[in-house]
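Chains as they are written, first to last, in the numbering used here: chain F, 1 to 248; chain Y, 1 to 248; chain U, 1 to 248.
For the record, the hints were derived by calculation from the structure and aren't laboratory data. Given the structure is predicted, the values throughout are model-derived calculations rather than measurements. Don't be surprised by glycine CBs; every beta carbon is placed ideally from N, CA and C. Any given hint might turn out to be false.
Stated by the list, open to error - With a straight-line cut-off of 35 Å between C-alpha atoms, the simulated DSBU-like cross-links for lysine-lysine are: (1) F:K5 to Y:K161; (2) Y:K13 to U:K161; (3) U:K188 to Y:K13; (4) U:K161 to F:K146; (5) U:K59 to Y:K13; (6) U:K142 to Y:K5.
Stated by the list, open to error - To list a few chain Y residues with every Cβ distance to chain F over 12 Å, as calculated: (7) D8; (8) E61; (9) I66; (10) T93; (11) L112; (12) K146; (13) S150; (14) V166; (15) K169; (16) K188; (17) G234.
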Amino acid sequence: MFEIKIDDSKYWKNCIDAIANIVDEGLFNIAKDGISLKAIDPSGISMVSFSIPNKAFSKYELDKPISIGLDISNLIKILSTSRQNEYIIMKNTGNKFNIEFVGEHSSRRYKLPIIDVKTEDVKEPNVPVPESVIHVKSDGLKEILKDANSLSTYVGFKTTKDSFVVFAKSDIGELEEEHMNDAEIIKKMDITKPASVTFNVEYLVRIINASPQGSFISLGLKIDDPIKINYKIGDAELTYYLAPYIES
Amino acid sequence: MFEIKIDDSKYWKNCIDAIANIVDEGLFNIAKDGISLKAIDPSGISMVSFSIPNKAFSKYELDKPISIGLDISNLIKILSTSRQNEYIIMKNTGNKFNIEFVGEHSSRRYKLPIIDVKTEDVKEPNVPVPESVIHVKSDGLKEILKDANSLSTYVGFKTTKDSFVVFAKSDIGELEEEHMNDAEIIKKMDITKPASVTFNVEYLVRIINASPQGSFISLGLKIDDPIKINYKIGDAELTYYLAPYIES
Amino acid sequence: MFEIKIDDSKYWKNCIDAIANIVDEGLFNIAKDGISLKAIDPSGISMVSFSIPNKAFSKYELDKPISIGLDISNLIKILSTSRQNEYIIMKNTGNKFNIEFVGEHSSRRYKLPIIDVKTEDVKEPNVPVPESVIHVKSDGLKEILKDANSLSTYVGFKTTKDSFVVFAKSDIGELEEEHMNDAEIIKKMDITKPASVTFNVEYLVRIINASPQGSFISLGLKIDDPIKINYKIGDAELTYYLAPYIES
Numbered sequence: 001m002f003e004i005k006i007d008d009s010k011y012w013k014n015c016i017d018a019i020a021n022i023v024d025e026g027l028f029n030i031a032k033d034g035i036s037l038k039a040i041d042p043s044g045i046s047m048v049s050f051s052i053p054n055k056a057f058s059k060y061e062l063d064k065p066i067s068i069g070l071d072i073s074n075l076i077k078i079l080s081t082s083r084q085n086e087y088i089i090m091k092n093t094g095n096k097f098n099i100e101f102v103g104e105h106s107s108r109r110y111k112l113p114i115i116d117v118k119t120e121d122v123k124e125p126n127v128p129v130p131e132s133v134i135h136v137k138s139d140g141l142k143e144i145l146k147d148a149n150s151l152s153t154y155v156g157f158k159t160t161k162d163s164f165v166v167f168a169k170s171d172i173g174e175l176e177e178e179h180m181n182d183a184e185i186i187k188k189m190d191i192t193k194p195a196s197v198t199f200n201v202e203y204l205v206r207i208i209n210a211s212p213q214g215s216f217i218s219l220g221l222k223i224d225d226p227i228k229i230n231y232k233i234g235d236a237e238l239t240y241y242l243a244p245y246i247e248s
Numbered sequence: 001m002f003e004i005k006i007d008d009s010k011y012w013k014n015c016i017d018a019i020a021n022i023v024d025e026g027l028f029n030i031a032k033d034g035i036s037l038k039a040i041d042p043s044g045i046s047m048v049s050f051s052i053p054n055k056a057f058s059k060y061e062l063d064k065p066i067s068i069g070l071d072i073s074n075l076i077k078i079l080s081t082s083r084q085n086e087y088i089i090m091k092n093t094g095n096k097f098n099i100e101f102v103g104e105h106s107s108r109r110y111k112l113p114i115i116d117v118k119t120e121d122v123k124e125p126n127v128p129v130p131e132s133v134i135h136v137k138s139d140g141l142k143e144i145l146k147d148a149n150s151l152s153t154y155v156g157f158k159t160t161k162d163s164f165v166v167f168a169k170s171d172i173g174e175l176e177e178e179h180m181n182d183a184e185i186i187k188k189m190d191i192t193k194p195a196s197v198t199f200n201v202e203y204l205v206r207i208i209n210a211s212p213q214g215s216f217i218s219l220g221l222k223i224d225d226p227i228k229i230n231y232k233i234g235d236a237e238l239t240y241y242l243a244p245y246i247e248s
Numbered sequence: 001m002f003e004i005k006i007d008d009s010k011y012w013k014n015c016i017d018a019i020a021n022i023v024d025e026g027l028f029n030i031a032k033d034g035i036s037l038k039a040i041d042p043s044g045i046s047m048v049s050f051s052i053p054n055k056a057f058s059k060y061e062l063d064k065p066i067s068i069g070l071d072i073s074n075l076i077k078i079l080s081t082s083r084q085n086e087y088i089i090m091k092n093t094g095n096k097f098n099i100e101f102v103g104e105h106s107s108r109r110y111k112l113p114i115i116d117v118k119t120e121d122v123k124e125p126n127v128p129v130p131e132s133v134i135h136v137k138s139d140g141l142k143e144i145l146k147d148a149n150s151l152s153t154y155v156g157f158k159t160t161k162d163s164f165v166v167f168a169k170s171d172i173g174e175l176e177e178e179h180m181n182d183a184e185i186i187k188k189m190d191i192t193k194p195a196s197v198t199f200n201v202e203y204l205v206r207i208i209n210a211s212p213q214g215s216f217i218s219l220g221l222k223i224d225d226p227i228k229i230n231y232k233i234g235d236a237e238l239t240y241y242l243a244p245y246i247e248s
């Protein structure tokens with residue numbers, strides 16, 4: 001049995017969006033210190049790791065740790081009904097997951113079936129420490145991906161000692177976009193060793209889509225390795241891995 | 001011969017929207033005291049009854065009562081061209097229905113064919129007095145239907161002595177939404193006998209879609225009977241009936 | 001070799017939109033005094049003639065006149081990435097057309113292939129001087145075409161000594177819209193001889209779509225002849241010809 005209260009229903013919707021953008025179902029691990037979830041997208045090329053500490057909630061009671069499998073795409077439909085000035089109570093009863101939205105003079109209760117979610121295959125990839133880490137403005141990165149998308153479904157990220165270069169190529173033409181380490185969109189660059197790796201644009205877009213306006217995203221790159229992407233939504237922390245695109 | 005003037009063309013467009021959301025064609029009865037129309041939607045599960053008194057018009061002249069059959073979906077296309085500060089003159093010439101939009105230095109005249117509309121089957125259903133009547137805010141009811149739609153194509157309305165409960169159910173999950181009689185969206189509840197009836201969400205959405213922002217809608221419920229829905233758009237009065245959904 | 005700088009990347013995007021709305025590819029003639037392009041749309045019923053003087057650019061260097069064939073639909077994809085406070089440098093290297101967007105601390109370079117564009121067939125139609133010229137507000141003309149489109153895919157323009165009449169007809173009904181020469185949307189009418197000609201609405205919409213808000217469009221009409229449409233986007237001048245619709 002658990003009973004968890006979130007004061008701002010729209011905030012919780014944003015958190016779950018960050019998961020729903022990548023996966024259709026997942027296993028929420030509800031533990032003493034907070035809630036976490038790891039899941040691989042159906043195509044197997046990306047992974048999300050979500051965690052939020054108990055302090056993000058105004059009520060956080062559970063008798064023992066529990067794992068709750070949910071259909072995330074159904075969960076997000078329900079959270080999309082969030083209104084201003086509603087809080088959420090989540091609890092479990094039998095094999096149902098209960099979400100109650102409570103406003104001043106009305107409330108609505110949703111019950112979702114708890115489903116079996118296989119998680120044996122879900123573990124964070126054994127990724128060595130990235131050799132290039134760029135801290136970039138969320139809004140700037142969204143524009144960069146739009147630029148690349150104007151040409152191609154793939155985008156390359158290249159780091160040099162003092163610049164972050166984005167490139168793309170297709171029948172339409174070629175793009176090269178250079179951001180010096182003093183560019184407005186770059187907060188910090190830690191380059192141990194330059195890297196150049198190519199990724200699927202659509203997955204990158206889905207991964208960063210839930211990052212809040214004005215927030216920062218960290219991109220960890222190492223040649224031939226998955227990119228490691230981090231950002232926060234309030235107290236919630238999101239880490240994603242996306243496999244590089246190998247030209248065939 | 002009739003000649004009718006409406007000072008605000010956009011207002012008239014809103015009135016006809018309330019009909020067009022349900023039916024494709026209809027017979028406007030233009031009488032001394034005003035205009036009325038009754039029509040059943042093509043699927044036969046809902047009905048609209050529209051009436052507007054002559055005082056809503058700045059000019060209202062007719063020599064004798066007349067019925068004008070129109071293709072409502074074509075009429076709404078034409079009314080959608082309404083601009084700010086235009087008035088409308090409607091009249092009949094031969095077998096054409098004339099709509100003239102008049103602005104300060106320009107005017108445009110549309111002629112629509114008058115069509116045959118069979119109305120022998122259109123009569124208000126012999127509905128007993130509803131036993132539960134809820135006066136609810138239009139905007140709140142629109143949100144309620146969105147909530148239900150997140151789960152299901154059907155929604156149930158249930159009344160108790162002091163609450164209005166909305167419920168829905170599907171493979172996705174279950175919804176129960178309770179509004180006490182002091183809820184912000186409830187203006188008044190007259191419950192002679194509690195009721196619980198289920199309806200098609202899409203039809204409800206279409207029926208209430210034209211209700212003005214900030215207006216009130218009355219819902220008349222009786223178990224196993226069609227719901228009776230009333231609202232006003234300025235002086236115009238809309239009454240709808242929608243058959244209950246019978247689970248098969 | 002040429003190198004051309006535009007201070008406002010979004011302005012350049014608007015200019016190219018006026019071409020892209022009609023044609024998919026075209027030959028830009030880059031001469032001492034400015035850039036021009038003439039192209040016929042794939043269906044052969046309309047033509048665009050674009051010209052912009054060198055003074056519109058903050059840098060305009062070329063060693064000798066050159067013609068550059070480009071895929072306009074790809075060019076517009078790239079220009080759509082324009083951001084606030086960016087300037088554009090355009091130049092050629094080898095058989096590539098280079099577009100560089102430069103912001104304060106970042107830049108991105110696109111390279112587009114230069115393509116072969118056949119232009120032997122492109123010459124301005126041998127149109128006699130129009131006998132009716134109407135100078136009309138861009139925004140008003142856009143609404144007129146929307147009115148006509150509510151009924152039909154064709155629209156007629158008719159001029160009399162002191163009015164500009166728009167008409168349309170279909171199964172839905174008939175439209176007649178009269179604008180006196182003192183109407184708000186009419187700036188000036190020069191009527192040597194009244195005309196009445198019918199055109200495809202969709203082509204007219206595409207032709208005038210890029211005209212700036214608040215600008216004026218000149219319509220040159222002569223019976224049985226193509227319409228000649230002119231407007232300016234800043235220093236750039238657009239002339240279009242559209243063949244009349246002949247009822248079959």
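Which numbered hints are broken by the structure, listed smallest first? 4, 5, 12, 13, 14 and 15
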